[in-house]
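Undergrad: Residue numbers (this note's numbering), protein chains in the order written: chain E, 1 to 349; chain G, 1 to 432.
Among the hints, a few may not be true.
List of simulated lysine-lysine pairs, DSS-like, C-alpha gap at most 25 angstroms [what the hints assert, rightly or not]:
#1 E:Lys-254 - E:Lys-241
#2 E:Lys-157 - E:Lys-3
#3 G:Lys-299 - G:Lys-309
#4 E:Lys-197 - E:Lys-229
#5 E:Lys-197 - G:Lys-309
#6 E:Lys-241 - E:Lys-257
#7 G:Lys-159 - E:Lys-241
#8 G:Lys-159 - G:Lys-309
#9 E:Lys-257 - G:Lys-159
Distance ranges between label pairs, derived from CB positions [what the hints assert, rightly or not]:
#10 E:Lys-254 - G:Asn-23: 52 to 60 angstroms
#11 G:Gly-227 - E:Gly-111: 54 to 62 angstroms
#12 G:Asp-74 - E:Pro-240: 52 to 60 angstroms
#13 G:Ser-153 - E:Ala-348: 43 to 51 angstroms
#14 G:Ala-359 - E:Ser-140: 28 to 36 angstroms
#15 G:Ala-359 - E:Arg-42: 32 to 40 angstroms
Hints were generated in silico from the structure; no laboratory data involved. Fair warning: this is a prediction, and the values are worked out from it, not measured in the lab. Each residue gets a CB set at the ideal place from its N, CA and C atoms; glycine is no exception.
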Amino acid sequence: MSKLRVVHYLNQFFAGVGGEDQAGLPPAAQEGPTGPGRLLARALGDAAEIVATVYGGDDYVNEHPDEATAAIVDLIRRYEPDLVVAGPAFNAGRYGLACGRICAAVQEALGVPTVTGMYPENPAVELYRARTYVVPTGISAAQMAPAVEQLAALGLKLARGERLGPPAEEGYLPRSLRFSQLDDRPAAVRAVEMLLKRLRGEPVETEWPLPAYDRVAPPPPIPDLSRAKVALVTSGGIVPKNNPDRIESTFATKWLKYSVAGVGDLTAQEWQSVHGGYDTTNANADPDRVLPIDVIRDFEREGVIGSLHEEYLMTVGSGMSTDDARRFAHEMADNLRAAEVDAVIFTAT
Amino acid sequence: MRLEMATYTVRDVQLGGPTRLSNGTLHVDSDELRRLVLEGGDFADCAVDVVRPGDEVRLIHVMDAVEPRYKPGDVSAFPGFLGLPRTAGEGRTHRLGGMAVVSVGEAVAGEPTYWREAVIDMAGPGASASALSGTFNLVLDLQPAAAYLDSSSPEAELKNIMIGSPLAQRYNHAVRLAQFKAAAYLGSVTADLPPDEVRIYDTAIVDPTLPRVVYFLQVNGCALYGGSMESILPSLMSPTEILDGALLNIRTNSYASVRQSTYFNQNHAVVDELCARHGRDLSFVGVILYPGAADDIAKKELMAEWAVKQARLVGADGACSSYAGGGHPCVEYMLICQKCEQAGIPTVQVMPETYGTPADPGFVYFVPEAVSIVSTGRSTHRLELPAMPRVIGGREFFDLPDAPGDRMTISYRYLLGSCTPTGHGRLTARAY
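Only chain G is shown next, with the shape it has when bound in the complex:
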C-alpha cells in the first residue's frame, strides 16, 4: 500500500475566525467549533482554549488527543466514526503537524475513575514526559449533558468496573466523536493548500534480500475502524493503516502513562521508524494487531499462537513487539515473545514498566526468552511538578490529594503518554 502523508506545519493557533490556515497560523472560529461539538446533544457546554508549548498551564482530566487530519476522496481520516470503515493507509492524507485537539472533562455516572486521571504540563519538568507538551493544543473542555450525570438511571449501573456503566461507555464514544469531528473540521482547512512537506510510505518490497520484520501491536482501549476489538484474533494490517486512522482511542479509564491515545497511534513512533528503515535495513512486512487481553489461559494460548502463525506466514525474520501494560495482557505478550524466539524469530520488546517500587523487578509475567527489552520508563517513579497558575479540565483530581494547581510530587503514571509503548518518548528506566 502506498500512502502520501502531506504535512501542513502549524506554528501557532489563534482563536478568531474564519477558520483557516494562513502562514503557519491556524485561525479557529471557536463559536463555529463549539456549535459543531454541541450539536449531538451530549454536552451541556464546551469551552475552547488554546495552550502553547511553554505556557504555564496544567491540563487535567485529559481524555484523548487527536491530530487534525483530512483525506480528500471518499475514505475518512476517522473511518468507522466519521464515514464508513473503508480501508485507510493509502492515497493521500493531510495532517496539521505540531498540533492536537485535546479533550478534557469530568467523569459521568458509573464511570470508573481509578485510572482516569491524566495530566499534561505544558512547561516545566512534567513537559519532558509527554509528547503533547510540545504541540499546540486546542483544548475542548467538555461538560456532560445532565442525562449523563444521573446516577439514578439504570444505565448508570457499574457492572463491570473496568469499562464502566453503559452510560459511561456511550459518553466516551460521544466524546471521541466530537473530538474527531473537531479534528476533521480543522483538518479540512488544508483542502486546497500546498503542503510544507510530503512523505511517501510505500510498503512494496524494495530488496527481497533484506530481513523481513513484523510488528506485534498489543492494543488496549481502542476501536479498530470504529468497531470493538474484544473478540478478534490477531490481524495482519498494513503499517500505513495504523498511521492513517484505523486505530482510534475509546477508553479513558486506562493508565495515563501508557494510554493508547489517538494521537500516539496516528503518529506511531515504532511503526514510523520501521517504515523509515523499510527498503534500507529491513522490509517491514506488516503490523500484527491483537487485543490485550483474554482472562482465560486457553484464549491467551490461542491469541499467542495465532499471532506468531501470522508472522510465520509472512516470512518474518524478526519482530518488534509492544506491551500495552497491565496484568493480564502481560501473559499473551510474553507468550508471543517465547513462541517467536522458539520459532527462530528474534523479538525485541518495547515495554513500559507499569508497576513496582524501585526494588521490585516489575514484571507481572516473563519468559526466559525475553532477553532484548527496550524500557519506556517506570510509571511508579515520582517527580516533582511545580505549581501552575492555570489549570484546565477540573477543580480536583480524581484520586490525588493535591490541589491541581499546586506544586506536587506525582508519579509518571499520571502523565499522559509518559511511558507510551508506541515508542515516541525518551523516558526509560535503568538499574542503579
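For reference, chain E alone in the conformation it holds in the complex:
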C-alpha cells in the first residue's frame, strides 16, 4: 500500500526564507518537508509523506490573489498530492487568508482534499470554513505541536475519503453545511421528547439552528429621480408568452432579460407568469400586476423618472437557494451597471 502524497503550504516565515522583509516573495516549491512540516511528517507517520513544500510571501499572495493562487495551484498540481495541508496559521490574518484561499482553490480546481489550521477568531475562518476544513488551533505557534497532530489526524481521514462525523467529534470548526442522515429515532418521538424537556424547564438543543444573515449597506439615495434611469427587475416569473427560454417554474437555474422597448403595458396575450409558488391567475390576467410596466411608463411620461431601461430582468424565486440568489444578484447588478441604470424597482412574490 503506497504512502499518501501530501503537499504542505507555508508562508515565507515558516518556510524559513525570511520574515516581514520577505513577505513579498512570489510562490516557489521545494521537495520534502521543511520547518513545521517536519513535525507534520512525523505526525503523519508511515501512512503518508510530505512530497513537497510550496510557499509564498503573505503580502504577495494577498496583493496578487488570482495570480498567486493560480501559480500555487499549478506548483501543487505537479506533485499529484492526495492531500494538501496549509499552515497552521494560528491568528495571523494574512497567513490565514492565504491558507484559506489556497485550500479552497486546490479543492475546487484539483478536487484534492485540503485542511488548514487557525485560531477560531482568525478573520479567514468565516470566509473559508465551508470551502476547506479548518482545525481550531491555539493563538500562536507556541501551540504548534497539538495543531500539527490534529492536522495530521484529520488530513489522513480526508485523504482516505473517510466519512467524517460531526465537527465536535472530528475536531474541525463547524462548516455550517447541512446534510441529511438517518437518526435512530423517528422525528415524532424526538419532537415529543424535546417538548417534554422544554415543559420541564430542561435545556434542549435545536436540530436546526437559526441563521445569522449579513446586512447589505444601502447605497446613498438618488438625488434626482426625474433624471434617473430606472430598471424593473422581478423574481415573480414574468416572461413572454410561451416561455421561449424555458425558465423553470421552481428551482430556476438562471435569470433572463427581455426587451420592453416600445411596450407600454403588459397584456395577457403576450406575457405570462410561470412562477410555480403562487396562484398565477391574477398575474396571467394582467402581468402588470407583478411587473408594473404600465405604471412605470406613466411615471416616465410624467417626468417622475428620467427613463425606463429598455430591458427588464427576471427570474423565478420559487425554491431558490441563497447561494444562487446571491450569484444571480451580482450578475444582474453587473449587467445593470454596464447599462448605466441608476435605480431598480424589484418586485417579488
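Chain E is fixed; fit chain G onto it per the hints.
TA: Below, chain G alone, put in the same frame as chain E:
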C-alpha cells in the same frame, strides 16, 4: 372521543380471488377490483400489481397512497368522499396494517408537473427514505380516459399553475375516489374477522395535573371531510379524527418529500406519539388544523392569531407544530411559533428543510423564538439509487433526465414522504 383501532396485520398480498383475508394473506380478485376502479368512466384502464418490501421495483409518477380501512356502522372510513362527512374519530375502525393502496400514473391536460414526480423504491438505499417501502403495496397503475388528455378542451386551460386546470383538478379527485373505493373494498374483508390487535385512543383527561399539549397541523393539498380547506380558519379537532380519515390527500402537484399523502395522515406519527403519551406524560387536548397558506400578510396574521387563540382557549401549556413546506406557508408557521412562545406556550417545531444547498441556512422565514426545531431532513440532499429491473408508473420522469430504471443520483425531494412533517421517518439533517 374514544376510538377503537382494530389492526388486521397483512403479511402478504396475493392477486387471485375471491377477495378475502386468510391467515395474514390478503387475496385480491384483481378483476373485480379493476371493474370497481373503472366504473366511474374516468380511466381508460387500470393495471393492478402487488409489490413487496425488498422487491427490486421502482414506483414512479406516484400520486397518493392509502391504507385500507373499514368502519362498521354509518360513518365512513373516507368521510366526504365515500358517504356523508360524518364526524370520524370515534367508535370502531378496522385497518389492514402493513399495506397500502398506491395510485400511480401519467399527468392529464393542464396538470402542472413541476412538483408531481414521486418515487418509491421498494429496495436499496431509496427504501430507507420512505415508509411505503416497508408496506405491501397494491399498485393501481391508472390510465386516464381520453377526455382528460384533450389539451384543446377549454377545461384544460392552465390558469393557476399551482392547482392546475379544471380538468386536472377533476381528474385528481377521480383518482382519489377510485383509490378510496379500492381501500374500502379491501378493508371490508375484515368485517366479521377477529383482529390481531386493538388499540384504544381515548382523549378524556386522565390526570388534570399533566401539562396540556396541542398540535398545530399545517395542511397542504388535502380535503377536510371531503371539502376544500381554502378559506377555513384554524380549527380545533380531536386527534382521533386525523387518525380516522378526516384528512385525505387531493393534490398531486406537491413536493414528493413532504407530500401529505393520505397514508401519512391515517398513520400520523406525531398525533400517534402524543396520543401514546396522553395520560402518562401529558394531556393531548387537541389538534389545531389550518391551511398553508394565504398570499396576504393580513390573512397570515389572522391565521396565526386565530390558531394561537384556539390553543389558549383550551389551556395549552405546550405545543408541537408541523411545517407543510414551501415558501408562503413558512410565514404563518413561524408567526404561530412566535405568538405561542410570547404567550408562554413552548413550541417544538417539526420541519422539513425543503430548500437549500448544503451551505444555505435553508430557512424561507424565521423568527428568533424558533429555538427548538426537529428537522425531518433536507430535501435537496442527493443520494445514489441503483438501477431497478422493474419500473411501474411510466416510461419517463416528468423532470429528471435519467431513464427511470437506471442507476441515478437523485435528491430526496423526489422520494415520497422522505421528509414528511408527520414525523414518521428517521431522516433528519445535521450541520457539519
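Undergrad: Do the beta carbons of Ser-153 of chain G and Ala-348 of chain E sit within 43 to 51 angstroms of each other?
TA: 34 angstroms, violated
Undergrad: Given the hinted pair Lys-241 of chain E and Lys-257 of chain E, is their alpha-carbon gap at most 25 angstroms?
TA: 14 angstroms, holds
Undergrad: If I claimed the Cβ atoms of Gly-227 of chain G and Gly-111 of chain E lie 54 to 62 angstroms apart, would that claim hold in this structure?
TA: The hinted range 54 to 62 angstroms holds for Gly-227 of chain G and Gly-111 of chain E, with Cβ atoms some 55 angstroms apart.
Undergrad: For the pair Lys-254 of chain E and Asn-23 of chain G, does the Cβ-Cβ distance stay inside 52 to 60 angstroms?
TA: Roughly 58 angstroms apart at Cβ, these two residues keep to the hinted range, so it holds.
Undergrad: Given the hinted pair Lys-299 of chain G and Lys-309 of chain G, is their Cα-Cα distance within 25 angstroms?
TA: The hint holds at about 15 angstroms.
Undergrad: Run the distance test for Lys-159 of chain G versus Lys-309 of chain G: straight-line Cα separation, threshold 25 angstroms.
TA: Given that 25 angstroms is the threshold and the Cα spacing comes to 36 angstroms, the pair is violated.
Undergrad: Starting from Lys-257 of chain E, check that the Cα of Lys-159 of chain G is at most 25 angstroms away, please.
TA: 24 angstroms, holds
Undergrad: Given the hinted pair Lys-254 of chain E and Lys-241 of chain E, is their Cα-Cα distance within 25 angstroms?
TA: Distance ~18 angstroms between Lys-254 of chain E and Lys-241 of chain E Cα, so the pair holds.
Undergrad: Between Lys-197 of chain E and Lys-309 of chain G, is the straight-line Cα distance small enough, at 25 angstroms or below?
TA: Distance of about 24 angstroms is within 25 angstroms: holds.
Undergrad: Taking 32 to 40 angstroms as the stated bounds, is the beta-carbon spacing between Ala-359 of chain G and Arg-42 of chain E within them?
TA: Given about 35 angstroms between the Cβ atoms, the range holds.
Undergrad: So the hint says 52 to 60 angstroms: do the beta-carbon atoms of Asp-74 of chain G and Pro-240 of chain E match that?
TA: At 56 angstroms between Cβs, range holds.
Undergrad: Given the hint that Lys-157 of chain E pairs with Lys-3 of chain E, test it: the Cα-Cα distance must not exceed 25 angstroms.
TA: 14 angstroms, holds
The structure fails to meet hints 4, 8 and 13 from the earlier list, while all remaining hints are met.
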